[in-house]
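Trainee: Chain by chain, the residues run as shown.
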Amino acid sequence: MANEKVDVVIVGAGASGSAFAATLAKAGKKVVLLDSGPDWKNEDLISSEMWGRRIRPAGPPFLHEGKNPFGYVGQAGWGVGGAALHYFANFPRYLPTDFKMKSEHNKGLDWPISYEDVAPYYDKVADEVGVSGDAKSEEIWRPAGKPYPMPPMKVFKAGQIWKKAADSVGMRLVPAAVGMNSVEYKGREACIYDGWCSSGCPTGALANPLVTYLAEARAAKAEVRPMSTVTRVLTNAEGTRAIGVEYFDGKRERQVQEASIVILAAWTGQNPRILLNSATDKHPNGLANKSGLVGKYIMTHHIANAWAMMDEDVQPHMGTVGAQYMSYDRYPKTTNPNAFGSSYIVAGTSFKMHDYAGSRGDLFGPELAAHMKKAAKGLIRMNMFGEEKPNAENRVELVTQKDEFGMPLAKIVHSYDEDAVALWNANIDAGAKVAKATGAKETWSPRGGMPTSHLHGGTIMGKDGGSSVVDSYGQTHDISNLWIAGPGVFPTEGASNPTYTIFAVARRGADQLVSKWGSVAG
Amino acid sequence: MDVLPRRAVMKGGLLAALAFTIGDRVVYLSPGEAHAQGVALRTLKAEEAETLGSLCEALVPDARKAGIVEYIDQQISGPPSEALLQARILNVRPPFANFYRAAVGAVDKGVAARHAGKRFAQLSSDEARSFIKDMQANKIEGWQGPGTGFVYTVLRTDAVDVVYNTVAGYEALGVPYQAHILPPKKW
Ligand SMILES: Cc1cc2nc3c(=O)[nH]c(=O)nc-3n(C[C@H](O)[C@H](O)[C@H](O)COP(=O)(O)OP(=O)(O)OC[C@H]3O[C@@H](n4cnc5c(N)ncnc54)[C@H](O)[C@@H]3O)c2cc1C
Ligand code: SF4
Chain A
2 MANEKVDVVI VGAGASGSAF AATLAKAGKK VVLLDSGPDW KNEDLISSEM
52 WGRRIRPAGP PFLHEGKNPF GYVGQAGWGV GGAALHYFAN FPRYLPTDFK
102 MKSEHNKGLD WPISYEDVAP YYDKVADEVG VSGDAKSEEI WRPAGKPYPM
152 PPMKVFKAGQ IWKKAADSVG MRLVPAAVGM NSVEYKGREA CIYDGWCSSG
202 CPTGALANPL VTYLAEARAA KAEVRPMSTV TRVLTNAEGT RAIGVEYFDG
252 KRERQVQEAS IVILAAWTGQ NPRILLNSAT DKHPNGLANK SGLVGKYIMT
302 HHIANAWAMM DEDVQPHMGT VGAQYMSYDR YPKTTNPNAF GSSYIVAGTS
352 FKMHDYAGSR GDLFGPELAA HMKKAAKGLI RMNMFGEEKP NAENRVELVT
402 QKDEFGMPLA KIVHSYDEDA VALWNANIDA GAKVAKATGA KETWSPRGGM
452 PTSHLHGGTI MGKDGGSSVV DSYGQTHDIS NLWIAGPGVF PTEGASNPTY
502 TIFAVARRGA DQLVSKWGSV AG
Chain B
-5 MDVLPRRAVM KGGLLAALAF TIGDRVVYLS PGEAHAQGVA LRTLKAEEAE
45 TLGSLCEALV PDARKAGIVE YIDQQISGPP SEALLQARIL NVRPPFANFY
95 RAAVGAVDKG VAARHAGKRF AQLSSDEARS FIKDMQANKI EGWQGPGTGF
145 VYTVLRTDAV DVVYNTVAGY EALGVPYQAH ILPPKKW
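Taken in order, these protein sequences are the chains called A and B.
Here the working numbering is used: the first residue of the first sequence is 2, the next is one more, and so on.
Here the working numbering is used: the first residue of the second sequence is -5, the next is one more, and so on.
These aren't lab readings, by the way, just hints derived from the structure by calculation.
These figures come from a predicted structure and were not determined experimentally.
We put the CB at the ideal spot given by N, CA and C, even for glycine.
Hints are not guaranteed to be accurate.
The calculated DSBU-like cross-link candidates involving lysine-lysine, where the alpha carbons are at most 30 Å apart (straight line), are [unchecked claim]: (1) Lys127(B) - Lys437(A); (2) Lys127(B) - Lys378(A); (3) Lys127(B) - Lys375(A); (4) Lys59(B) - Lys378(A); (5) Lys374(A) - Lys59(B); (6) Lys133(B) - Lys68(A); (7) Lys127(B) - Lys442(A); (8) Lys103(B) - Lys68(A); (9) Lys127(B) - Lys68(A); (10) Lys464(A) - Lys158(A); (11) Lys437(A) - Lys155(A); (12) Lys374(A) - Lys127(B); (13) Lys375(A) - Lys59(B).
Just the calculated beta-carbon pair ranges, DEER-fashion [said to hold, decoys possible]: (14) Gln172(B) - Val515(A): 39 to 45 Å; (15) Gly72(B) - Asn339(A): 48 to 54 Å; (16) Arg173(A) - Gln172(B): 47 to 53 Å; (17) Gly32(B) - Asp135(A): 31 to 37 Å; (18) Pro89(B) - Ala145(A): 53 to 59 Å.
Isolated chain B (complex conformation) (with noise of 0.2 Å):
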């Protein structure tokens, strides 16, 4: 039986080491060394960067460390068949950039609505708590882009993937990885 004997591929290696290119090298790094390394950014623009590092910061604390924003360029800009993405299960159709400069566009344009032309990352943290409350409740006047909670639903999950679903997040909160296979160092 073609079968692989337990625990006998568990090699090492690391989770989520993922293609990112520093000047005109391919390096494999977890998200969390990418932005470390301040790794340059393939497809999202800065201010793009800037929302989606300070949302996710507020839905999962130490998402940014993490590499939240390495990872889903990194993952934005490569064929959707390798992608890893949540929003791949949760039926976003490709290519997956356009869901994310929409939901970032549309999360600016909601808080500069509200808040006197102001950006995201520029809200202090209470304002950006009520701002995500109401994006869970499909409260916010005028958006314009995906479903205001399915946003929330999809970058929360991206933010969880980045700080907990390692090697090292399952760790931190004292849970044994356990893994038959750990994923390969180039992909």
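With the rest of the complex left out, here is chain A (with noise of 0.2 Å):
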């Protein structure tokens, strides 16, 4: 059976497709999104680091090259919330620096935007899907804007620990920024500090898509279409014009969903897998990719872990998996001499069983049993994300083995630069010198393999279509009625989390094509 045409098919229920069907719903416009996975409720937010696997993909459609895989799954959603409906909600904008690293420094690029373009967007977003925490305390490091609505989240002993640490060592650390209740807001209750965040919180202390701006999109009539896994985007005989999707439905069956506007929201990865996917005569090396630059430029923060065993009860257990604090002290792109790039400290999370078993992963047998008695008492660890700069290297491409519906797999291709390896390495140092600080007899600080975290780029904003995917809106140069949502569109990813910045971005671009309807839609 043929589908009704749509204003807007979007595909990815996740945190960027929720923010852009929000904004067209309340607008007016006939949404429908497509999801791969799952119609997840809260009620299948079970409390348990196993049963929460079950709300990730299994068997993702990526192979990995390169000297430094991305960890694809431990990051990647599947279904409706996508991979913010178990994400740790931590909510660091970024700063100026990030939008204008080719102009500041002569390396990597520049946004087209500035920070002032995004900056109304963020005290939005905080608004509109609640954040906790201390605006003014920030402000040392990045322009004024408002407060945040909520006040900051309760702090626990590990918390208290790295406070005075830092302290001492000269490390300015704020309460962190977080998507999550302090106290009861919109409806939604506040948080009780029970650290299961990341198998999904069920009660709405979380701002996850179900409860914010999917919630916001279904109230306006947004219908979401869940187990609907999209392939290719269609055009017209002339390749002008997006007319639709296909995908294929829960039963294996094929389908076609018209739309006046498409919109890509199926993540970093995804997202270019279906542009390539979706070559055509008129596009022989894929949609909208006459820059050649899609899947181009993936980049993915990097984190170094400090570690350390307080001989007291700091009840690690409690808290939430989201940062008690932060610091954007290591944020400015030249604070190492001879490691390029921002870093994102935060500091104070609660834990579950793996995090006590993988602080030592190189612990088994009766070491292993006599670490998780002592780690479930005494474990404490400060994090720092940093940043590698844009290289076009690093891409996702199809290869030539099939999917179960036919679409060509993809790989990741990704190796770290020097620049990102040193940075790395002196993030290291800088965290074991606040760890020791803590006055902790154990601590420790891994150098084994560079753990990757979020993905960005692939189909990156600029100026022009011959330098970029994208425009800031997210509108592609080549299509105008073809957009693309989320962090692929980011040129450089900074080192803050990304996803309030993916908010921020995609609801300015949301606005904008309400605004321009009648000229993009046609």
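Assemble the dimeric complex from its two separately framed chains, guided by the hints.
Mentor: Structure follows, in structure tokens:
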């Protein structure tokens, strides 16, 4: 049965897709969101690390290559809510320097917009989804903005220890900005600090799309179609307009959804994969790819961990998986003389069993059992997220193997450059110094493989169609009614966790689409 | 707002009660109960199960009693999209049975090459420890299969799951479980 044509079809009902959907549906547009995974409800968000894995993909459509492969599933979402259904909800902003890497340092790329263009949307998003924190205290590092709508979250012993240690070595920590409720907000409950966030928070205390933008979109009559895997964007015979998408439904039957506007919001790896698989004779290298840049400039944060084992009982299970404290003290991109790039610091999170076990991955047998006992009382951690520069060699490309729908798999090729490796090592040293200052007898900072987190790029924004795939709103340069949302449009990745900026950029793009609807929708 | 009141759904129920088959009946058991009741394995062969059990026991004490073998067997016998395995998070491509078969096969071959045809389960505890240390360091000669360090990580995580990641495991460590929603009995 043919599906009725709609105003907008959005591919992916995660963070960015939901933000676009809410804006467009509230503006009266008929919106359909297609998502390849289940229609998760709050009742599905079971408090268990094991059961929490069901809400992640099984068998990702990506192969991995390069010196530093990206840990795809650990960072990906599957189903309504996307990865933001089970994220940690750390909500730092990008800073002005992130938008101007090329002009300030003659390295990497510039965004076609500046911090000031995004800042009003940071304030809007904070009010819309609910952010807790102390905006004033962040203003030692960034331009002033509105206060957050909720006060900072509670601080537990781990946070207090890191704060004291950081103070003693001259590192400034301030209350972390998080997408969680320190108090009841918009009818959603306050957090009770049990730390189950990354298995999914069923109470609404965590700003996941189910209780924020997707709820708003649904209330404004947007339709969500789960178990609908999009394989191609379809174009007209001339190749000038997107006419809809091809997808496979829960019964694995081929369907077409026509729409005036197509928005890809299936995350950084999948958006290029779909574009490349949508090649036609008019677009032999894939859609929106006249620049040849679809899939290029994939970037991922590296993480440096500093651990300490306290003698006292710090109740490491108390709190949230988001941070209690944050710092931009190492954010200036030239903080380290021989390691270019920003770093963002978080300290004091709650732990579950795999944190205890994973903190010393080398231990097994009786030594592991002894470690688990100690860790359950005394473990604390500080993380530093580090930036890598955009590099066109880091990329997503199609391979010959196919998935169950006959769509080619893709591979993510990723290696860190010398700057990134040096920055990671410098961050480990800096974290180790603070860990020592906690007074713990046992501190350690693993230097095995470089852990990766968050994925950006692949469909970057820029000033023109020669050097980028989309403009600053997400509109593709090549096909005016084909838009892209999510961290894939970021031309640099900063070091801040991306979702606050994903929401802000998507809300800005969606407002623009509404305001120029007549000329874009045709 | 469609959200659940705090702890409203904390009704009890068994953590990780999974569907096992006894005769022609489907019963819901924890992996430890399945082990105690000697539930028949569906996918793993006896030798594979023995290797898996002894390796995981060496990695995490009490893993065998906690039902590691029955857990893995149950998990690799069902649809990957319903699996609770860490292999899922670590980008292992389904079917997951292929990974576990290849992993235990490679362990036994590696042990046989070093210890004159023995299997892992026949090693002394010192021999087992030194083999595991070399697995961690990717130093097993002639190893064929998924990376040694990777196999170590996946199996260690599975064993941590059955020993520690249950309500009983939390209690044993003195950590309050504090669930919003405990896993359902039937799934
Ligand atoms: C454990 C974890 C912790 C995190 N913590 C933080 C944090 O503290 N702070 C932060 O800022 N960020 C965090 N993130 C990252 C954040 O969740 C992501 O950056 C964000 O969700 C990406 O938004 P998105 O809209 O691009 O993709 P997603 O939110 O993942 O949504 C993409 C959607 O597309 C669907 N999809 C994929 N392919 C198809 C297809 N072919 N057809 C149809 N649908 C498809 C998927 O099912 C998914 O629902 C975390 C992520 C994880 C996994
Ligand atoms: S700690 Fe707070 S945000 Fe996290 S799951 Fe519990 S109530 Fe939800």
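Trainee: What are the numbers of the hints the structure violates, in ascending order?
Mentor: 10, 16 and 17
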